[in-house]
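Residue numbers (my numbering), protein chains in the order written: chain X, 4 to 351; chain W, 4 to 351; chain A, 4 to 351; chain P, 4 to 351.
Keep in mind that the hints were calculated from the coordinates and are not lab data.
Treat the numbers as computed from the prediction; the structure is a model and nothing was measured.
Heads up, the list lumps identical chains together, so a pair's fine if it works in one copy or across two of them.
Below, simulated EDC-like cross-link-like pairs (lysine to aspartate or glutamate); rule was C-alpha separation at most 16 angstroms, straight line:
id, residue 1, residue 2
1, Lys73, Glu229
2, Lys53, Glu318
3, Lys319, Glu57
4, Lys321, Glu54
4 protein chains.
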Amino acid sequence: MILVFRPGSTKKEIHHAEQHLKELGFEPHTLYGVERTVIAAIGDDRVTTKEHLETIPGVEQVLPILAPYKLASKELRPETSVFEIGGPGPEVKPSKHKIAIGGKTIPVIAGPCSVEGRKELMEVAQAVKEAGATALRAGAFKPRTSPYQFQGLAEEGLEYLAEAREKTGLPIITEVLTPGDVPLVAKYADCLQIGTRNMQNFMLLRACGEVQTPVLLKRGMSATLEEYLLAAEYILTGGNRRVLLCERGIRTFETYVRNTFALAVIPALKEKTHLPVLADPSHGTGVRSLVPAMTKASIACGADGILIEVHPNPEKAKTDGQQTLSVKEFAKLMKELKPVAEAVGRAM
Amino acid sequence: MILVFRPGSTKKEIHHAEQHLKELGFEPHTLYGVERTVIAAIGDDRVTTKEHLETIPGVEQVLPILAPYKLASKELRPETSVFEIGGPGPEVKPSKHKIAIGGKTIPVIAGPCSVEGRKELMEVAQAVKEAGATALRAGAFKPRTSPYQFQGLAEEGLEYLAEAREKTGLPIITEVLTPGDVPLVAKYADCLQIGTRNMQNFMLLRACGEVQTPVLLKRGMSATLEEYLLAAEYILTGGNRRVLLCERGIRTFETYVRNTFALAVIPALKEKTHLPVLADPSHGTGVRSLVPAMTKASIACGADGILIEVHPNPEKAKTDGQQTLSVKEFAKLMKELKPVAEAVGRAM
Amino acid sequence: MILVFRPGSTKKEIHHAEQHLKELGFEPHTLYGVERTVIAAIGDDRVTTKEHLETIPGVEQVLPILAPYKLASKELRPETSVFEIGGPGPEVKPSKHKIAIGGKTIPVIAGPCSVEGRKELMEVAQAVKEAGATALRAGAFKPRTSPYQFQGLAEEGLEYLAEAREKTGLPIITEVLTPGDVPLVAKYADCLQIGTRNMQNFMLLRACGEVQTPVLLKRGMSATLEEYLLAAEYILTGGNRRVLLCERGIRTFETYVRNTFALAVIPALKEKTHLPVLADPSHGTGVRSLVPAMTKASIACGADGILIEVHPNPEKAKTDGQQTLSVKEFAKLMKELKPVAEAVGRAM
Amino acid sequence: MILVFRPGSTKKEIHHAEQHLKELGFEPHTLYGVERTVIAAIGDDRVTTKEHLETIPGVEQVLPILAPYKLASKELRPETSVFEIGGPGPEVKPSKHKIAIGGKTIPVIAGPCSVEGRKELMEVAQAVKEAGATALRAGAFKPRTSPYQFQGLAEEGLEYLAEAREKTGLPIITEVLTPGDVPLVAKYADCLQIGTRNMQNFMLLRACGEVQTPVLLKRGMSATLEEYLLAAEYILTGGNRRVLLCERGIRTFETYVRNTFALAVIPALKEKTHLPVLADPSHGTGVRSLVPAMTKASIACGADGILIEVHPNPEKAKTDGQQTLSVKEFAKLMKELKPVAEAVGRAM
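Isolated chain X (complex conformation) (with noise of 0.2 angstroms):
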């Protein structure tokens, strides 16, 4: 930690800050300027916060050098991981296929917002799966912004998302919303989704970390890359290793987009953290007509994987319409993203 002493501050402020330091572990190197004072103080950052620092009288400014997650950090491993889902992990999943997320190969997880009965997953699973996807993400439980719209179809949606996993081996993706549940889903899903407003749901994000089923963290839509990397650490911390980021847009002063699509995240995330980092073009634009140009521009970025909505008959969907694809897009889509990935030395 750095810390900036205010012009003025005096020799009794600086002691006790050097004494405070002391006890909370760290060495400083105190550097008299003509104008101000500074203490570097050398030692783990993480023991304390930079706004605790932050009171002792006298400060003005405090800088801290090390970033406050480790197990989430590119110190800890300088490669990608690459975490397989649905297959055989530290739990064996029933799943006929698993994918790896992570390396040269860019799954697509694609599926309606929201599981809204049956017939209509079995069609739209199979749909995907023969336009090219290799995984199916539908919601069961939805976070809705209004409590009067459909809010989904809770452990019965959970069923057929398994249904629709034997019929077609494509493993499912979807969202918990409660600590309680996580069990629940963990029995059915290859993968949780914590979805956006959930980010730093932090007693979910524990409950995530005490099972063995990877996860899938999407950003926060205003969340700091330090504040997501946080969130995946109370993930990490509690033991579940696998855990996927997704970069889904942020809220910004944009109004032609639902979100701004803030892609640079990706090769930001990606000098940080060892973690797979995928991308959400379909909330990341909230526009369908955008998804297909911003698909492309997510895996020419670096993306490790897509997550992208795809509905039989976006004006039927009880979710989302507005931003999914139809099948026939999809399949469109498929066929053009080959070359772009190719194209950055990735395949599909």
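Position chains W, A and P relative to chain X; hints supplied.
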């Protein structure tokens, strides 16, 4: 709803849309302009969503007319609701004192960010009481950005809070993080707090709707006004009518503060909803030296109550010390607030 | 400056950086930590930039210690500067009255968004004078988002403003859009306004630094506090010392307002600079019904002056009618502001 | 325009609004709903503004139907315009080469942030030419955040640029800061650049509309899509039809980048306008290591051209070194871009 069609949309598309709207219960009025066709769909906007109607072929834009919330709206009740906290409400609470929020008198809810220990809490409770606070707030369950930070004392903290209430007569407000803890926290607290990161934790909102303890619902750090009132609506539809709103700062590009304190939301909310609206200048700025000025501003623009962090020794606070007033600073501020409240026709 | 090196940076890189810092006039102090090396470079931060030092090989992060502005800083003058407008300053102005900004008394600068005609201006000038305004503001040159909108009366508007000053004794403030117009506008106006879209129009800032007419510099709608004070520094370094700052709302994700009124910048600026800080609640919210509450909040948190849009008939205003008070609303507000000012130790 | 009235608005108010709309040339269609009255005003939205209509008594909300720009709109021309730069256009330019922007081939405009000296410029011009750049860009007039920073070589820099063009055959693009300099810069440059801070410098936009040199108009860092196209409209209405757009990052809460690169604006703009749309990944991220990935993403999502900062020795660059590629990095990137362009049906 108003549906605006793309230039060149066909008669067939218009007819299809009219049919679809009729099925949803709307009465469509179609207007053929020179460049575009518009359908004004008369009826209850809440039976569908803007996003759903945008998926109708040919539709370029959908403009809702009605607010999507009902129970929170001013149409339900034109005057600000006055809620009692701590007194015999729908559930009888063991507090000696009760306070009213939403009336002429502005309550000040003060306390440390977290319950750090029995002795510390009793000390600060007594001190804020003497300085004029009308309720005590401190966290027993703490949502923390990093898993390596202090996470709160849990039920032990709740017991200390109850003891502090006994000693001071101040009603107590404390945060609840997850649906499973709602009954436990409601057993102790006079008012449940839902924090900014949980504003769209819909399962928690539902759980808080099922008890009769008042709920202080903080605004999400990137929530729109509409999302905020819909979050309140989740609690209200469950049957719990005592919801208090609270502006606590939003996330923007500004860096000299921890959050941008968007005070205009206070008069704006009061135009839309009958629920009382409080202000939290401690989180709203995140900077101790800015808290006094912004507390005055909060009262001047119509806040129905103030939430403020106070600690006997902010430097020793385990959490949020950098935005916390000392007891002495708080006592001084309380004296300064009185004339401001009177200047805008309120009392303290 | 503090330079933080990447883990694994070499001795050669460290040595190279030390040499480079010495060449720039810094005295480098190198600290070898367990995980990282840090150089604290003692000297004047302003001889280089954070961005420049970040290009030194091996450097991960650069942390400046000093503020990059000087003449605007509180280190130059610890108390708020009091500037006269309209009286015999460095240049003698023909105004009958002069006002002081930065002192105990809070001036209210009112008027229509744009000068629409001679008759209309005389009417509103007289009306705001009677209601208690201390200066008149209206735009002769108007920056408009669309080329199809009313663009102002130009010099004709300046003449009407001068006539209104003669008739009412109110000093006049009006916007200047481009360096070439500064001499013309300065011939008429008691104070030049630089609008939010021109806050970083550096040629205009320089041109305003070369005259002796006071300058009201509005904050850019996405300017940081530091960028704002550096913009003021452009004017100050030219030799014009009378710069007034003004918060007028920033651009965020919020949609119930035209801008988010970031009032905490007022006390924050007053900690950093001696320049007076005004507030513009009309643009700060963009919504007429929110203006009264937010004007009170502005005064409560320490604004040194108020800028407010008033029109005899807002519905007929050619520009910004939706945020403009009627004369009657303004007169009512002026009465309500007095006790708020007194409650915080100011006068009106 | 659609006008939505407040609940309880009177017949008199409705009638007054109808009259007002007729006076403006609209044909009002009034719809009495259960809760609210709505007027659909058929006619040309551009004769008035949303803001003006919001001042009509009783009106709660105004919803525009038409885009407020015309010449920039896709309704004028459905295909992307292809503009020549550097060749004999409306004005004959002395460049040996000309390039086309908006066609299948994607031009790469490269160069240092600022012209630092004759020797340095000749060196980098030759180097980027060899690496495959199709135009040279460097600033002679520099907009700098601080008055204490290097401000550019002015006309001397323009002369060096012209010489570099002679030597390399690359057309030159350089920034103009103020209306008075437009004729001078247009005398030398093949394309004028308007920077992000000047996107709403309306006098500069007008001045650039009065010459026939193409204009590269960068998006303002907090500009909406509509404001951006209206800024282009200023130039177009002046008679200069060759306007190039360019996404260069927006200001959001993100801190790991200097700007958030909002790439979805590229396909979104291409749905609204026929003007070519470029991307500037150097400013778009502000971080050198992120530039290669984001350049690929720009091409993948449909950019019509790339603007990129290259310097022989970024560490010695007087401006923006932290986001500048070395010549070697640039040459490597150029090779990697070709397959990405081909994968999306373009060429380089």
